[in-house]
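Model the placement of chain X with the ligands on the given structure of chain C, informed by the hints.
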Amino acid sequence: MSYPVVDGSRTILNFERGTESWPLASYESRFGYATAKAVLKGGKYQPAELLQEVKDSGLRGRGGAGFPTGLKWSFLPKDPEHPVILAVNADESEPGTFKDRVIMEENPHVLLEGIVLSCYAMGSNSAYIYCRGEYVPSLKRVHAAIEEAYAGGHLGKDIYGSGFDCDVTLHSGAGAYICGEETGLIESLEGKKGQPRIKPPFPAVYGAFGYPTIVNNVESIAAVTYIAAEGGQAYRAWGSDKSTGTKLFSVSGPVKRPGVYEVPIGTPFKTFLEDNCGGMLDGVGLKALIIGGSSVPVVTGETALKINMDYESCEEHGTLLGSGGVIVIGEGTCMVRSLMVMLRFYHHESCGQCTPCREGTGWIERIVTRIEHGDAEPGDIDELYRIADSMELRTICTLADAAAWPTKSFIDVFRSEFEAHIEKGCCPFGGTFPDHLNLRGGGVPQRRDDPEHAFIA
Amino acid sequence: MTTDSVTLTIDGNSVTVPKGTKVIDAAREAGKNIPHFCYHPGLPVDGNCRMCISDIRTWNPRAEKHMPARRPAVACWVDAEENMQVFTDTPEVKKARASVMEFLLINHPIDCPICDKAGECMLQDYYMLHDRAPSKLREEKVHKPRLVPFGKRIVYNGERCILCSRCTRFTTHVTKTHELGIVNRGDRAIVEVLEGGDFANAYTDNVADICPVGALTKTDFRFKKRVWFLKHTDSVCGGCSRNCNTVVDHDGSEVIRIMPRERAGVNDWWMCNEGRDLYKEHAALARPAATLRIDGLEGGTASSITTWVGEKLAEYKKSDAAAVLVSPWISNEEAWLLSFLLGKLKIGHLDVMTGRTEGALPADDLLHTDDPNPNRAGAIAAGIVPDKKAGKGIDEIKAAIEAGEIEFLLLWGPHFGNDLDPELLSKVATVVQITDEHDAVSDAAAAVLPLRTWAERDGTWTNFEGHTSRFRRSLRPPAGALDGFDLLMQLCAAAGVKSPAKSLRDARKKLKQDPDSDVRAIVDGKFTFPEQSALYRHTSGAREV
Ligand SMILES: Cc1cc2nc3c(=O)[nH]c(=O)nc-3n(C[C@H](O)[C@H](O)[C@H](O)COP(=O)(O)O)c2cc1C
Ligand code: SF4
Ligand code: SF4
Ligand code: SF4
Ligand code: FES
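Those protein sequences? They're chains C and X, same order as listed. For the first sequence, position 107 matches number 107 in my numbering, and the numbering has no gaps at all. For the second sequence, position 191 matches number 191 in my numbering, and the numbering has no gaps at all.
Bound conformation, chain X alone:
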């Protein structure tokens, strides 16, 4: 045992935690969830709800015994100490907790049937666990304002509010924008947007997530769906290169809302409003159809077009007249297989494109980066870079197109308009576009293959700091949309290259064993871009476009 850790017992079970750990966290380590409202691991402790009151006994070496606190202490505030004894379930503690529940409920409207939080409300959950007592209040309940807009995205209901100050602490300590405050004293207290403020920062929706009750609801979700009808799928936000881990709440065919998922070192507990709204962009996507515009070969099915593209690629083996440009929305596994295929075919003009530029917020101190695309880092690490010897990067490829030197151009993924205008593309004999979004390029390309979006397929992305996150399929893809990885395996087959992986799953295993340490690191999620590395320069260079 080092001096940096302490050992204590929680209900008799011994647990060792780093010094400075709060008792409530130490208890969680020991498998005990101490009920709490105001405590949130991402916020400074406030200790106001009194729900986590526990019997915390410190060791007194002089008296050689454990001393109970004179005033029962709250587990969220007290630091774990060596040889401390914590009891979380004694009759006294339970009584204290039940009385806190009773106090919280006397003035609560208990309008669960019309409350959006119902089903994921801490007050409801703890009521079922701890109190279950009928309300004893004969008195008129305290009335407070109920439909107060907090900016455009949040609505406040003062009667449901338990004044835990999570929301105000969020604006004070996380966004540091200080819009929200608790005004008035006693049971007249309410949360308000402070005078002169507008609750319009880029992260406002988080307050509704952390509100333990239904006092803060999102205008985007209000009365849309009961939460128990939602299906939850782990996903990742592609709105910028932060890659906030998310949960997509959907009903199988439609996304209802996107919520942040805790991921230390990436987004912790938060995500931005823009990322939450991406599902609307997704729902409005114009989806491409499988198309072939080659004289004599018009029409064709997705699989015949795939074969045609694969064979065409093989025709350009070792040729200087072919180039491939990849969107930073490609997954790591797809990027890895694509780069393998092109390596075998010795097609060296290969690069990552600028990608999405619209909707780019300026980078801020909290989460948002200045690259509104998810996977530039992963694509590069997985090998989407020009061939070391003779390969051309994006600018050189554009120049070569201008000079009429490129005959075959493969475009993978959405958002190409920012780099290539149709006029430039008209100088290329054969443009093949594989994408989830129909755009101007799709109207002219020789071949188009429809892809599944981030919400419709599995994969991983790696963020700008090298952390890899996995997204899973949440929605049924529209008919005809192809899985990127499967498509790549078919392209390999058509081009006569043996795919190194039999499936996406297999690819993940192979990535782990890849000789290139950057590639291996993608899987571990330990990938880092040293400031000086060539790769990093490449990324930042690309971002400047």
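Same shape as in the complex, but just chain C:
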């Protein structure tokens, strides 16, 4: 038996939808832990060889920055004085991004197996999963899966008699976006207030509790399971030279079937929208697209249809693949209002250490709010742009940039809408979102009522 891939590209979500995919027995029926056994016990790879496979696979971090995973691991000190720690970033809080929760709720063991394999490759014996606090179903499922894995001998001391130990600790966050930033996560894990650290030193040198630490996104680590099973080259069967493998996209907005999809990286957005998401809701045109979570620049609907969903193509079209949080924006949506709600988020979530971010996020939110309410002057748009510009690249972490980029891109792409607000002295869209965004009955499929179940289209 080999690693099952469903629908030609589902390596992480490789199960029948709607089935009980999360228990250990179900996972084992899908080649579960066979790779870990082959590697740890069967001697399939030495740690350095597995690290090389991950490098060869071309896997890039799925948390947003797209940093090559194998390369990151190779920054660990060669003969570390202290134990190495793997911290799995499951804090998923970026607006528009909800892919990791599906992995954790529907296939938690693929993450755990990925953890064991990653730890083996990087010479670590302890991993933490830092999970967003509001993700109660995820926390429950992962917790149960960890217990099953310990009981089944897949985690703990001397796994499969191989002499390799791997302990996994599940840590719940307390609802702060900033704890998803890797050093904010580390501080929080240490029991401190979640505030990013200045880099360098990078976590690979000085991380949690002062130990060398690798922080990786849930999806990145889950992808390692497939790579270890089938080899780095097999992963390259999807995507292009610089963007390899498959990627999970979480789609929200007025499409027929919003949800989480795993598709080959580089899939044209047009195809993705039509085939996977079932197209736009009837009668709603595609106005704009935010493809990688709220922090990446917005593009027009027209541009969106030209994008292939990989790192290069996104950059070519003036945006970023980010975390794969696809926010589809329909005709009739006020872009000023959209920016306003996004900035409310960044203002709320700034940790408040750095002057430009602490003061700037609130400032730009207030200006955009005034523009939305028509209480602004023509100069305010340039002023807004200037302030966003001066927040950029001047802070400890990139949250300030993440607030500045969308602000600038919304103005760049939809300046006329800002101007219309000011000219009219009110919101031309009536100061509200269109009905198709009314989640309480605007024809958008609802999340299942059972909170135990994540919503997968």
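Please note that a few of the clues may not be correct.
Straight-line C-alpha distance at most 30 Å; calculated BS3-like pairs for lysine-lysine [to be verified]: (1) LYS427(X) <-> LYS199(C); (2) LYS192(C) <-> LYS176(X); (3) LYS176(X) <-> LYS193(C).
Restraint ranges, calculated between C-beta atoms of paired labels, are given here [what the hints assert, rightly or not]: (4) HIS373(C) <-> ASN184(X): 43 to 53 Å; (5) PRO83(C) <-> LYS176(X): 48 to 58 Å; (6) ALA65(C) <-> THR58(X): 32 to 42 Å; (7) ALA151(C) <-> GLY196(X): 34 to 44 Å; (8) PRO434(C) <-> PHE87(X): 45 to 55 Å.
These are calculated hints, taken from the structure and not from any lab test. Glycine included, each C-beta is placed from N, C-alpha and C at the ideal position.
Just chain X with the ligands now, with coordinates in the frame of chain C:
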């Protein structure tokens, strides 16, 4: 050049600094003050204000060129490296700085007219230097709590606070008492006394000194005086044998506040609350008057009494019936001249007294020592010790008084009550007291001469670790109060001993050339008490009293 140092350029000027030096400090070495708020040399770096952003370029040997940082770096965080290029004044850097200023000011209340920090506020100073832009904020400012007591001595104003975390780092890393923390996120963040805590450690006032703005003010100074009306005089705290270097802020006749002055190896940047309050004790001092209670000679002026005391001393030359006890508040120069005079007169019963005991805090790890007197070490080093052959120390002198063997007792300086009760003193025929404080002894002594206090005269003290610090006159002395050193020169003259120094200044020169290396070391400030030395034992012995 050694491997322990690195050479870099700051705006084109080359400077060599030890490895591990922060760029901001290297720049200071090169004469450039990079504007900063959160950075403080006495605290771990936090790098949050972003004011010190600079163009820092590291040398890349492979590419053979200087590489600018991808994200502009902050000079307070980055270590100086070999062949680094730092630019602190480019248009880009200035723009970044001006924008930080702008961000800091948008929500700042700018209530300088009623802010105690005005005049010594970093925000004000940098505004004048860098931004000077009118505020662009049309929006309502963020409101925060404004009159929050942090313990009894500090008041917090959240709206003025720029969240630089200096105060919280002080309580975390310097006092290690952890009372203060920043709570809430983003622009709702404020400093708070953490739950269950009371901001009552012995060093709380330092947070108001290091607060770059007027967010932390001292209850003792609030609304008392605009800082630009203050005169500043370098001084030293006598509150304990640490000798924290201070600045006395005064208006010529009254001390308004006492602030710490940086002195590496003594108090670094800090001082304790008790030391700051000493000026109140000083203001409340009952000052003695020149008095002579000798039948037939009552009254007299300070100078006639001085002559009388000098002649009396000379009468006891080589006598076993005279003794001298000195308070550990005497200055080094005075101690040196007094010990010289007594040496010439061969009066060997001489010792330093316990001195002040009230207000003694327990010794702690930071500054405060267990001896609440400034100059025991210096007095001893300068020669206030019993004569090696036949001299009596304090306990023997007391026994001799008890036995009625002492006829003449000279007491120099304040705080004698702790060693000598009036009943014991009544057994001495002639008690002469020279002091800045009127006490029970002054009521009975045969002669009293009023001295100037530490705030009214010049001198040096030497701390328990051998570091010497100089205090200068900050206040006008009250009428009649005598300068200790001048008085000693007059005593020499009256006793027929030629003073080895013509003035205090001259004394400092002579101290430097003294044959005794301990005495010379006083001036260099390099004096150390080896654990085993007789002097050290003597000091600790005295402290046990
Ligand atoms: C404000 C902020 C929030 C972030 N939140 C997350 C998050 O929720 N999940 C995540 O995986 N990465 C998040 N990141 C990115 C992480 O810092 C880090 O790059 C990532 O976890 C690395 O994993 P990867 O290399 O596997 O992508 C965030 C970054 C920033 C600046
Ligand atoms: S950029 Fe914002 S969120 Fe990031 S460390 Fe600075 S203040 Fe905190
Ligand atoms: S109170 Fe002062 S020292 Fe403390 S964080 Fe605020 S500005 Fe900084
Ligand atoms: S530690 Fe001693 S010398 Fe320093 S301020 Fe306090 S009392 Fe004065
Ligand atoms: S002084 Fe360097 S960031 Fe504040």
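Now the hints, each set against the structure:
1. LYS427(X) <-> LYS199(C): 74 Å, violated
2. LYS192(C) <-> LYS176(X): 16 Å, holds
3. LYS176(X) <-> LYS193(C): 18 Å, holds
4. HIS373(C) <-> ASN184(X): 43 to 53 Å: Violated - the Cβ-Cβ distance for HIS373(C) and ASN184(X), about 26 Å, lies outside 43 to 53 Å.
5. PRO83(C) <-> LYS176(X): 48 to 58 Å: For PRO83(C) and LYS176(X) the Cβ distance comes to about 28 Å; the hint is violated.
6. ALA65(C) <-> THR58(X): 32 to 42 Å: 22 Å, violated
7. ALA151(C) <-> GLY196(X): 34 to 44 Å: 41 Å, holds
8. PRO434(C) <-> PHE87(X): 45 to 55 Å: 51 Å, holds
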